[in-house]
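Assemble the whole structure, with the sequences as input and the hints as a guide.
Number of protein chains: 2
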Amino acid sequence: MSSPRLGFEVQAAIADAEGTPRARACRLTLPGSRGNAHEILTPMFMPVGTAGTVKAMTTAELRSIGAQIILGNTYHLYLRPGHERVERLGELHKFMNWDGPILTDSGGFQVFSLAGLNKIDDEGVTFQSHIDGSSHRFTPELSMEIQRALASDIVMAFDECPPYPATPEQVRAAMKRTVKWAERGLEVPMKPHQTRFGIIQGGLYEELRAQSAREITALPFDGFAIGGLSIGETPELMQKMAYYTAPLLPQDKPRYLMGVGRPEDLVEGVRAGIDLFDCVMPTRNARNGQLFTSRGKVNIKNSKYADDPAPLDPECPCEACTQYSRAYLRHLFIAGEVLSARLNTLHNLTYYIRLMGQMRSAILENRFDDWTKAFYTKLRT
Amino acid sequence: MSSPRLGFEVQAAIADAEGTPRARACRLTLPGSRGNAHEILTPMFMPVGTAGTVKAMTTAELRSIGAQIILGNTYHLYLRPGHERVERLGELHKFMNWDGPILTDSGGFQVFSLAGLNKIDDEGVTFQSHIDGSSHRFTPELSMEIQRALASDIVMAFDECPPYPATPEQVRAAMKRTVKWAERGLEVPMKPHQTRFGIIQGGLYEELRAQSAREITALPFDGFAIGGLSIGETPELMQKMAYYTAPLLPQDKPRYLMGVGRPEDLVEGVRAGIDLFDCVMPTRNARNGQLFTSRGKVNIKNSKYADDPAPLDPECPCEACTQYSRAYLRHLFIAGEVLSARLNTLHNLTYYIRLMGQMRSAILENRFDDWTKAFYTKLRT
Numbered sequence: 001m002s003s004p005r006l007g008f009e010v011q012a013a014i015a016d017a018e019g020t021p022r023a024r025a026c027r028l029t030l031p032g033s034r035g036n037a038h039e040i041l042t043p044m045f046m047p048v049g050t051a052g053t054v055k056a057m058t059t060a061e062l063r064s065i066g067a068q069i070i071l072g073n074t075y076h077l078y079l080r081p082g083h084e085r086v087e088r089l090g091e092l093h094k095f096m097n098w099d100g101p102i103l104t105d106s107g108g109f110q111v112f113s114l115a116g117l118n119k120i121d122d123e124g125v126t127f128q129s130h131i132d133g134s135s136h137r138f139t140p141e142l143s144m145e146i147q148r149a150l151a152s153d154i155v156m157a158f159d160e161c162p163p164y165p166a167t168p169e170q171v172r173a174a175m176k177r178t179v180k181w182a183e184r185g186l187e188v189p190m191k192p193h194q195t196r197f198g199i200i201q202g203g204l205y206e207e208l209r210a211q212s213a214r215e216i217t218a219l220p221f222d223g224f225a226i227g228g229l230s231i232g233e234t235p236e237l238m239q240k241m242a243y244y245t246a247p248l249l250p251q252d253k254p255r256y257l258m259g260v261g262r263p264e265d266l267v268e269g270v271r272a273g274i275d276l277f278d279c280v281m282p283t284r285n286a287r288n289g290q291l292f293t294s295r296g297k298v299n300i301k302n303s304k305y306a307d308d309p310a311p312l313d314p315e316c317p318c319e320a321c322t323q324y325s326r327a328y329l330r331h332l333f334i335a336g337e338v339l340s341a342r343l344n345t346l347h348n349l350t351y352y353i354r355l356m357g358q359m360r361s362a363i364l365e366n367r368f369d370d371w372t373k374a375f376y377t378k379l380r381t
Numbered sequence: 001m002s003s004p005r006l007g008f009e010v011q012a013a014i015a016d017a018e019g020t021p022r023a024r025a026c027r028l029t030l031p032g033s034r035g036n037a038h039e040i041l042t043p044m045f046m047p048v049g050t051a052g053t054v055k056a057m058t059t060a061e062l063r064s065i066g067a068q069i070i071l072g073n074t075y076h077l078y079l080r081p082g083h084e085r086v087e088r089l090g091e092l093h094k095f096m097n098w099d100g101p102i103l104t105d106s107g108g109f110q111v112f113s114l115a116g117l118n119k120i121d122d123e124g125v126t127f128q129s130h131i132d133g134s135s136h137r138f139t140p141e142l143s144m145e146i147q148r149a150l151a152s153d154i155v156m157a158f159d160e161c162p163p164y165p166a167t168p169e170q171v172r173a174a175m176k177r178t179v180k181w182a183e184r185g186l187e188v189p190m191k192p193h194q195t196r197f198g199i200i201q202g203g204l205y206e207e208l209r210a211q212s213a214r215e216i217t218a219l220p221f222d223g224f225a226i227g228g229l230s231i232g233e234t235p236e237l238m239q240k241m242a243y244y245t246a247p248l249l250p251q252d253k254p255r256y257l258m259g260v261g262r263p264e265d266l267v268e269g270v271r272a273g274i275d276l277f278d279c280v281m282p283t284r285n286a287r288n289g290q291l292f293t294s295r296g297k298v299n300i301k302n303s304k305y306a307d308d309p310a311p312l313d314p315e316c317p318c319e320a321c322t323q324y325s326r327a328y329l330r331h332l333f334i335a336g337e338v339l340s341a342r343l344n345t346l347h348n349l350t351y352y353i354r355l356m357g358q359m360r361s362a363i364l365e366n367r368f369d370d371w372t373k374a375f376y377t378k379l380r381t
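So the sequences go chain by chain: Z and P.
Letter 306 of the first sequence, counting from 1, is numbered 306 in the working numbering, and no numbers are missing.
Letter 207 of the second sequence, counting from 1, is numbered 207 in the working numbering, and no numbers are missing.
The hints are simulated quantities; they were obtained by calculation from the structure and are not laboratory data.
Wrong hints could be hidden among the right ones.
Which copy is meant is left open, because identical chains are indistinguishable; a pair holds if it fits in one copy or across any two.
Computed cross-link-like contacts, DSS-like style, restricted to lysine-lysine with a CA-CA straight-line distance of at most 27 Å [unchecked claim]:
| # | residue 1 | residue 2 |
| --- | --- | --- |
| 1 | Lys304 | Lys94 |
| 2 | Lys94 | Lys297 |
| 3 | Lys373 | Lys176 |
| 4 | Lys176 | Lys240 |
| 5 | Lys191 | Lys301 |
| 6 | Lys94 | Lys301 |
| 7 | Lys119 | Lys180 |
| 8 | Lys301 | Lys378 |
| 9 | Lys297 | Lys180 |
| 10 | Lys304 | Lys378 |
| 11 | Lys240 | Lys297 |
| 12 | Lys378 | Lys119 |
Structure, rendered in structure tokens:
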């Protein structure tokens, strides 16, 4: 069932105590929309470019810090500026000036979490725009058509993500609907370079996760995502469910844990056997002054940094850490300067992407457990 | 009376119909605070870095677009983060990571225009912080001490800028006080690399401008600024007064027109014989979506740009113009994205700095009148 469009090679994998291959370093190739084939070396974090821009960054900066793939949001781009407009203007890559690969989500998660009153039926979801309250309807078919117009490299299936907490009956119904919607989406033809990922649902119920994994992986997707996590449950429950679900997905296809998470969650995700991650945390928290460093979190607005001449993170090679002091970064944040959002975002994304690179090296050099221990030790000093 | 600290050479000057030297290309040298001598080729525009940052820009970007000198605001930096803190952290250049020259204003204009209720007497000005309403007092001496702590390369005298409109009596009183404050400021010792500019006041009254110029230029300043313009009067009146005042200033010292202005105002200022300019217009208007181009102003939020694939200004080499469409710039503005402020600011500053470079070349090649005609023709097409 493997698509010739997506190439995937497991370069190294580390088995757990039961002999199950877990943490892995992979090479993913995509044909690209203009004959510019893409390569992604995993584990990798995908910065979130919600509305055709990774907030506060230029694409040149994203390239410079090692971002290999970014995410675009179907829901946001459909509402504004409109997917047909983006297509007329040369598709999403050209519109936003990013020549690397783009993954688009299906819009499913946003219509449930962001949009106003939504009404779900077997055919699709009717919802109100969070921008102007106007009424819209997404179906699995329309989600594919939008993603086709955007011309992303990886297209996500349209799924139903039940809220947390939810009863087993609610989660089962959403899981079953997600399978049907996945099948309907697969009937919609996409552009030649586009590949597709299916989404596993099932909430925090192992039995439902297992059933979802069986049914979704039976479909001809190029990769698989674990959805429906990081929506309010504790990090421990999230990590446990990712650890349970990851080995239920094929060894020879990429695995993506959606919407996760904190640095520790990425480490635990990689340990579980996940290849790809996305989350708004590094970008959103940056704008709120919360910075991730090799020694743990820094809340840059704290008055203790007002006279601190030290770099934010002495181990970080980014412009914020090599060119400025904590005192200056605090000043920018307190003064509400645009440069605060810029430098903080640049730093947090650099931290996340370097973290993935360190894990990849550790896996390739068969020292992932040691690396993980050192990571936690340093984080807690 | 010329200070050995500031070097100044008029490389070319164009005489008006009466034979008065007017538009000129000059070379200004400053010793720098760390043995890094600075050169400024005029006419030049100085981007405004109010609170230790030119809003939305990094200093690396400022260098890349040809900015040769930037401005810092004494009033803002005194209030936040505090000039003594900036000095402890290595002075303003190091704090904000800018190794080129910095001009600091005296805080005079801000305490009259930005601060809450202010009370002026011969000794100084008592005012309320626009940030928290706290009470503060500036004197000519304190203004010098703040600028000494910041360690700017060009220090501005503390002046009284009367409002517009004002009676001749009000303007005369402020003008006389400005002379006394200039003398008092000159008594305060500065750091060895620092140079000082005096400020001409006199409102829109030629007689008072002439008297102010006589009295201020008799003092041992390294350069002279025309203050008290662009505060509400029409552009025509502003241009007329700058044209009247410029030749009253010494030929062998730099001339600076404070707070001006629109591209046309810069052209008329250079025509009058001005060397240096500063204004928040390119940076502030950028954040409001008003962009300056070789064909006139573009209000990027206008719906007519929603599907426009063309570059903002086909003649501009900046990242916003070479990498993105008008449609994308409009989308970013409408969506309230940080990248909108970034790209718009980068473009407007590039436009302003290139405009100055074009005028400099035209003066050096003795074709300034032709250049000016072509500038206006194109602007109005």
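Going through the hints against the structure:
In this assembly of identical chains, the alpha carbons of Lys304 and Lys94 lie at most 27 Å apart only when taken from different copies (20 Å versus 44 Å within one copy). Proximity of Lys94 and Lys297 under a CA criterion of 27 Å is satisfied inter-copy only: 25 Å between copies versus 36 Å inside one chain copy. When the C-alpha separation of Lys373 and Lys176 is checked against a cutoff of 27 Å, the pair qualifies neither within a copy, at 40 Å, nor between copies, at 72 Å. In the homo-oligomer, the alpha carbons of Lys176 and Lys240 lie at most 27 Å apart inside one protomer (22 Å), although the nearest pairing across protomers, at 77 Å, exceeds that limit.
With identical chains, the CA atoms of Lys191 and Lys301 are never at most 27 Å apart, being 47 Å at best within one copy and 32 Å at best between copies. For a Cα distance limit of 27 Å, the shortest separation of Lys94 from Lys301 across copies, 20 Å, qualifies, whereas the shortest one inside one copy, 37 Å, does not. With identical chains, the CA atoms of Lys119 and Lys180 are at most 27 Å apart within one copy only, with a shortest distance of 18 Å there and 74 Å across copies. In this assembly of identical chains, Lys301 and Lys378 lie within 27 Å of each other by CA distance solely inside one copy; the values are 23 Å within and 48 Å between copies.
In this homomeric assembly, Lys297 and Lys180 never come within 27 Å of each other (Cα to Cα): the closest approach is 42 Å inside a single copy and 53 Å across copies. In this homomeric assembly, Lys304 and Lys378 come within 27 Å of each other (Cα to Cα) only inside a single copy, at 21 Å, whereas the closest approach across copies is 54 Å. Taking the shortest Cα distances, Lys240 and Lys297 sit within 27 Å of each other inside one copy (24 Å), while across copies they are farther apart (57 Å). Taking the shortest alpha-carbon separations for Lys378 and Lys119, neither the intra-copy value of 47 Å nor the inter-copy value of 55 Å comes in at or below 27 Å.
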